[in-house]
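A.B. asks: Heads up: the sequence shown runs through residues 288 to 1370, numbered per the numbering used here.
Source of the hints: derived by calculation from the structure; they are not laboratory data.
Errors might be hidden in some of the hints.
Unchecked claim - Below, simulated SDA-like cross-link-like pairs (lysine to any residue); rule was C-alpha separation at most 20 angstroms, straight line: (1) Lys300 x Lys314; (2) Lys459 x Ala503; (3) Lys984 x Lys958; (4) Lys346 x Gly822; (5) Lys725 x Gln794; (6) Lys951 x Leu973; (7) Lys644 x Ala503.
On a predicted model such as this, the values are computed, not experimentally measured, just so you know.
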Amino acid sequence: MAVNYEKVRVLNKNPDSNSTVLLVKNKSTGDELVIKSISGIDNPIHRAIFDKEIGALYKLRQSENIVKLLDYKSGKTTKGVFEGRIFLEYVDGDTLHTKCPQIINIGDKYNVIQQLISALRYAHEIGIIHRDLNPRNIMITQDMRVKLIDFGICKIKGMSMKGTTYRFATNKYAAPEVGYHSENATERSDIYSLGTVIYYMFTKREPLVPEEMTLAIVSSSGIDPLLKDILIKMTALDASNRYENMIDLEIDLSFLFKKYLNSNEVYCVTVDSTKCDFLRRNNLVKSGKTNSQIFHEDLVSNFSNASVSLEKRNEQTIYIFDGINFSMQCFYDTSTQFFRVTQFNKLQSFIRERNKKTYMPLPGNMVFQASFDQRPLENDNFQLINRIDNHVDSLRSKKNVNIEYSNNYGFWYDFIKIMKEDVRRRAQKFYYKNYEVKNNMVFFSLEKDSHVGDEVLNTTTTLVFEALTRYGDYSVSEIGNFERYVDNGRIMVTNLAKKNKFVSLPQSGYFCIDYRMEIAQFKKQERALDEFQRGEFNCHGNLKSIFVGLEQPESFPNSGMVRYFDTSLDDTQQLAIRKIMDARDIALIQGPPGTGKTNVIVELIRQIIAHNKRNPSISQKVLIVSQSHAAVDKILEDLDPHLDGINAIRIGYDEKLSHLSREKYSLDNKKKVWIQNIIYESQKQLDKSLVAMGIDKESFVQFATALDLTQIANSTTEENQTNVNILASFYQNYKIRGDSAELRELLISYNWIRQLIETSDIEEYFIKNASIVVGTCSGFAANPFVNDAIFDYVIVDEAAKATFPEIMVSLVKAKKVVMVGDHKQLPPVFDQGAISRADKKIDINDLKNGGFEKIFNLIPDHCKQVLTTQYRMHPVIGDMISTVFYGNGIQNGTRQEDRALDLPSFKNHAMLWVSTSDLPESKRFETPVENENGKSSYFNFAEVSILLEYIKQLDEEIGSKGYTVGVITPYRPQLDRVQRDINLLELKNISVEANTVDAFQGSQKDIILYSTVRSSESPKIGFLNEHARINVSFSRAKRLLIIVGDSDFLNNPNISENKFPEIINYMVKNNELCHFVQHGSDQ
């Protein structure tokens, strides 16, 4: 029995497949679910059953008529048996075998058939054949909902299995070819089985042998004659005589569905001839059909089992009807009371299944006529519209999820709009009086203030033209690249992006530097928000409801005894791993400074790698993202020793990657190495073939080149004759015919080698076969092959530093998302200037707290974990961080002696405050300056001087001991002066990194010097009231933290959000290793 579950009863035992199905109850929640245990999965056959069922159910999670996979595990039981466990939703009902005698109503029977077709069609379209469809594998609930179960011997296209499961098919319902061998199964085999199941439903008799099925159907009573004809075709002995696919079957059954399932309501739709042309042109109907045939045959059958919803577009209501093969969009003409078709669209099965969750089933029948046909037809369109409106209203009110989501996260749309508008606003604009196009060049006569220097423009600078659309946004068209200025800068010359195809510009106006790349990031985030808003994510649960607190994420505490690869993991790190593995959809890990969140990520990846080695047929694909390149490169470097034989790929521009990421994991480098190896081996084989045929390599290359040139149409007569002579000479010298098979093979090999480097198929191959993909939150999606992928795990590192839309870009690709971060460290960086300039006002605190922190506070404990032991800092520094920022929730994993500094002036020092409070105001006070954005900033001369003194002292005392030193300050003017003056110092032993705190997150130094800067008569501390920035700054120090600043000024509890009184109080209480020095007084 799995951990945390108690057995309710045994549902089924199957000795053939070594499986037991139990109904169990979660001891914590009381929820019931099903555990299917398959023993002895070290046996290839039982392993195949386990792997196939998992593999199938994983793919089938979107279908409403297939039992939902909740989780799965494999490992040894307490008795030492290797067992696989599959956790499934509990379907409260009976099998069709049991339920069949109670299904009397003819409509109920067709309802079951319709749902079975929906399940099988979805399975077939994603490459899964059930192979064992029978009444015992079909569950029916009290309200007649159908759930197809038991995919243990299914066939999954593209999935190679070592074991075979041919013995286990239920022979009475299996197609004859499956009886010979289960690998013979095709979609037509499932159609045969479905035919026998339908026969069983109507006759209450088990099917006969395949050779006798036709006679049995013909002689049966109580079956509609049309259904008999369909069943005969479904159960044909020769598979080629059966329906080719479920769509064809569904179309033939549509008349019966309409007859026995629909109400008497009629809905009238008009279609113009251009829409019929579209259907023919896109092969949605046969090309030879007339419009009348399309109206009365194809459209009627396609929409016989339709569902409908509506959308508001520019204040117009659009009705969307989903059919079998295609959907249609209509508006309602109130004057005629007809629906008028505006568009048909091909409909994929997975989209139809997704839409079923929110669309309303169409209760009546549709009739179609030409748009010019104005004959009044009695219809129920008005009633249908009211019914659709009521359905949509009920969806909107259901749990108020959308409203709550919009209230909690809707401001992110405003944020993205503001940022897109700001990108446009900041784009350098050039105003012109007129222009002239000559020789594929454009000459713009500029207004006098529109000239900018070469530091802004060069020949790689692309220039674009904006045009306002009727929707109120801008379309951007490329003009070309900057070439030069003429006439003393009064005229700008650009080339044309498309030769002889100049974009139409107004005679006067403006153009600007291309900003499309910058704005593309925000559009990508906006698309991800839209997908999430529509519920188009890949997690099993409703993340939207979870993110507003209306539902809780599910967890299956079944990880049991995990074998950890890193035996040094502490209790909370191990618990974090178990919670992640047990979580169904989402898990969050908070990693305060130095608590080893990267160790948790690395261990998780190693667990997934081990899972993939144990279960190669259901291997899990992982995406690792972070807001910064440095963070994901650090994870990849820590993972590197454990990635032998693992296909891991780093997505990103080479210049932004670390050396290891670029040389070992970058996509470009992997392609280059692979191509070099293939070319080397192919060239070797080509050379060997040339030697065997006695052909000189240089002569062959000359021949192949000439052959190519003769096929170029624009070659001159003289060039062509030279090439013809080369070919003739080659044929004569080597006594070989131009059409010989040997020569053709040589040319194919030669041309393949030359063209290999140009193909994008290699890139697609690497990505599709990668187990681990690594990139930044938005950057990974720039690659189209990655952007189209779905990942079993998406791990977001530094999630608290990413915005909610940045997280969404990867989250919508995840079956399970793991966010790792710390909302008490640095939040996302926002352009407050752009936000304050915008017409739409957004509270900056909503943005800072509107991602990881909000979700973390909503998620229950079983899906989140705080890491509580820090291993970086001296215990005195660690305790200060824990006391001031984490409510004493962090303990130390380091010993004092391991972090003590071996420096004469700093023995028995962990924290030192060098105070300027005794200096006169003229020296200690801050100096205000205006930064490049016109905002106030500050520097402090006295503190710069003190920093330099201590840096020189540290340089002398550190010598060859190798201690690292960093300087952090919150203000850019102060940083600029510190960096400048450090560069003037002649340091002998140390290299000092000085930067803002943003650049330091994720890194550490033995010694950190922090300049507070602020000191004035006014009790204002600016950035110093941001707790996260102080937390990160001080927690970078491993051995010694030196604070330089006016302690008297900062020790003011009346200043809002001021943490310095707590820090000073901590230092006073821990004065053995925390010291204060007044600069200028005796030390």
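A.B. asks: Identify every previously stated hint that the structure contradicts and give their numbers, smallest first.
C.D. replies: As far as the earlier hints go, 1, 3, 6, 7 are violated by this structure, in ascending order.
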